[in-house]
Amino acid sequence: GAGVSQSPRYKVAKRGQDVALRCDPISGHVSLFWYQQALGQGPEFLTYFQNEAQLDKSGLPSDRFFAERPEGSVSTLKIQRTQQEDSAVYLCASSLSPAGEQYFGPGTRLTVT
Amino acid sequence: GESVGLHLPTLSVQEGDNSIINCAYSNSASDYFIWYKQESGKGPQFIIDIRSNMDKRQGQRVTVLLNKTVKHLSLQIAATQPGDSAVYFCAESLGGNKLTFGTGTQLKVEL
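Note that the protein sequences, when read in sequence, are chains A and B.
Every number in this note's numbering is 123 more than the matching position in the first sequence, counting from 1.
Every number in this note's numbering is 6 more than the matching position in the second sequence, counting from 1.
Just so you know, these hints were derived from the structure itself, not from any lab.
Given the structure is predicted, the values throughout are model-derived calculations rather than measurements.
What you were told as hints is all true, and nothing was included just to trick you.
Think about it this way: if two alpha-carbon atoms lie no more than 25 Å apart in a straight line, the pair counts; the simulated SDA-like pairs of lysine to any residue are:
1. K48(B) to A143(A)
2. K180(A) to D37(B)
3. K77(B) to L14(B)
4. K104(B) to P184(A)
5. K180(A) to T109(B)
6. K104(B) to G182(A)
7. K62(B) to G223(A)
8. K48(B) to L183(A)
9. K48(B) to E191(A)
10. K62(B) to S34(B)
Far from chain B by the CB rule (all over 12 Å, computed), these chain A residues:
11. A125
12. R138
13. G139
14. Q140
15. G151
16. P184
17. S185
18. Q203
19. R204
20. D209
From the three backbone atoms N, C-alpha and C, an ideal C-beta is built for every residue, glycine too.
Please model the entire structure based on the sequences and the hints provided.
Here you go:
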């Protein structure tokens with residue numbers, strides 16, 4: 124079956140631009156997670172949704188980062204006024220139940236120039 | 007593409023040998039642990055998990071060992087194959103929601 128998909132796969136933004144990254148979770152998965160992975164490091168938690176409710180956003184690095192999942196399915200991670208330190212791979216994961224196995228998408232590689 | 011494993015500790019093994027990858031986790035309250043495999047340009051792929059009420063769990067060619075006393079997790083891969091070459095991350099969780107990942111180890115399988 125279809126896994127988690129993310130788009131775009133690659134995004135180049137000039138410093139100061141806004142970007143929107145999309146995640147399509149596995150159909151029926153209740154939980155959705157966003158992680159940020161810097162080059163050569165492990166993923167770091169950003170935020171977590173259960174259906175449309177954002178239950179944990181403790182990992183968002185600044186108020187420039189915003190995530191939504193309005194209908195409990197597709198999610199968008201938005202970064203406003205991008206900075207060079209935002210350059211990373213942004214990974215989305217979904218799980219069938221709140222504490223279930225997380226399935227990761229391929230990620231979106233964001234490069235801020 | 008850029009390597010996931012840039013600057014990570016590297017373990018080199020001969021094809022057919024067994025591999026052991028180690029991880030120290032940080033939170034003594036964590037109750038769920040997972041090993042992920044990540045190939046370049048891809049997202050992490052689940053390998054095996056273990057809950058804190060166990061100290062060993064076996065899968066196909068893989069075994070995870072958990073030592074809560076010293077907060078140590080290990081992944082053993084039997085008869086390592088070229089397709090096992092990747093970066094391996096351990097992750098810990100309290101309650102099974104957000105994951106905290108370790109540093110990662112690059113596994114290189116030599117023919």
